[in-house]
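Novice: Listed below, chain by chain, are the residues.
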Amino acid sequence: MISVFVNGEREEVSGNTLFSAFPPKENTVMILNGFQVNEDFPIKENDEIHIIEKGVFPPEKQLEAMMSARHTPKVHKVLKKSKVAVAGLGGLGSNIAVSLARMGVGKLFLVDFDIVEPSNLNRQSYYIKHIGMPKTDALKTQIEEINPFIEVSVKNVKVTEDNVFELFNGFDVICEAFDNPVDKAMLVNSVMLNMPKTKIVSASGMAGYDSANNIKTEKRMRNLYVCGDFETGADFGTGLMPPRVLVCAGHQANMILRLLLGQNEP
Amino acid sequence: MKLNGKHFKLSEPVSILNFIKDKNYNADRVAVEVNGKIVPKTEFEKTTLKDDDEVEIVCFVGGG
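If you're matching them up, the sequences are chains A and B in order.
The first sequence lines up with residues 1 to 266 when you count with my numbering.
The second sequence lines up with residues 1001 to 1064 when you count with my numbering.
These are computed hints drawn from the structure, not numbers from a lab.
The C-beta atom is built at its ideal place from N, Cα and C for all residues, glycine as well.
Some hints here could point you the wrong way.
Unchecked claim - Calculated cross-link-like contacts (lysine-lysine; reagent style DSS-like; alpha-carbon spacing at most 27 Å):
| no. | chain 1 | residue 1 | chain 2 | residue 2 |
| --- | --- | --- | --- | --- |
| 1 | B | 1021 | B | 1041 |
| 2 | B | 1009 | A | 219 |
| 3 | A | 219 | B | 1006 |
As the list claims (entries may be wrong) - Below, a sample of chain A positions facing chain B; criterion: calculated Cβ distance under 10 Å:
| no. | residue |
| --- | --- |
| 4 | 28 |
| 5 | 51 |
| 6 | 88 |
| 7 | 93 |
| 8 | 176 |
| 9 | 183 |
| 10 | 185 |
| 11 | 193 |
| 12 | 203 |
| 13 | 204 |
| 14 | 205 |
| 15 | 232 |
Sequences and hints are given; from them, build the entire structure.
Specialist: So this is what it looks like as structure tokens:
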């Protein structure tokens, strides 16, 4: 008998290969130690095996075990107890929030004052059915459909110098995802002045369709990280297109992930 | 002085506000750090930059 973990629960199995212990069935997917397998492999003590029924949403414990297997238990544990605030839920913020939710970041705080309007659909994580809804509520609804087991709180408010501290104090990382450069500078300055120990991941320059390779992440000053090409602002003739906006959102989400996991270099 | 990690020759002391204007930056769209300290926008006019300062300026452009 070998003692292994099956969907997060310890189980004694007979047979020293995956398929001898768990004969493959149609409509299931097998994951051995975080890796999806389609052929038989030897198994040993303490291996983590996930047998996922296709097309069925698993209960919380099983989903947690699967996420843990996917991201490694250490990473999953850290992310689950992390708290990230996202300021601005447009092309950057909505996509970053979805990415953080998919990773299983335990607590998300989403802030925006605006409603979803038709021109947002070119790059932001919203659907026609969300038009007219506050972006905060539209995004919360989506995240509940991706991972209902993370805590999402929202605030439908315009961020100003006067409410930055009250809104964002106590978060591990703050993500600046505004559109307007004056708002970007206001938030970054307020956080650096009033919450000097808090890390802030910001963005500058992701409009148009210049090379995606020009978008990068830089560490600036003490706790500021800026993603973008640093020069291509939205302007007449240079619109915000989904690919570069998503590349930049990916840079920001990855930097947030790295910071949560203790990696401070871009 | 050192500007964003590179040597920069400052011919005479100048306020942050005028320095930013000379560089064609907008004071509402920047974050400025002098010798490791963030300088709030309200202090740009009365803070003078000297040639031995280490200055870091981040300028934001629109889009998100």
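Novice: Would you mind marking each hint as holding or not holding in the structure?
Specialist: The hints, checked one at a time:
1. B:1021 to B:1041: holds, 13 Å
2. B:1009 to A:219: Since the Cα atoms of residue 1009 of chain B and residue 219 of chain A sit roughly 24 Å apart, the hinted pair holds (cutoff 27 Å).
3. A:219 to B:1006: holds, 15 Å
4. 28: violated, 42 Å
5. 51: Not OK, violated: residue 51 of chain A not within 10 Å of chain B, min 42 Å.
6. 88: holds, 6 Å
7. 93: Because about 7 Å separates residue 93 of chain A from the closest Cβ in chain B, which is inside the 10 Å limit, the hint holds.
8. 176: holds, 9 Å
9. 183: Holds, because the Cβ-Cβ distance from residue 183 of chain A to chain B comes to roughly 9 Å (cut-off 10 Å).
10. 185: holds, 5 Å
11. 193: holds, 5 Å
12. 203: holds, 6 Å
13. 204: Residue 204 of chain A check passes; min Cβ-Cβ to chain B is 5 Å, inside 10 Å.
14. 205: holds, 5 Å
15. 232: This hint holds: residue 232 of chain A lies near chain B, its Cβ roughly 7 Å from the closest one there, short of 10 Å.
Violated hints, in rising order: 4 and 5; the structure is consistent with all others.
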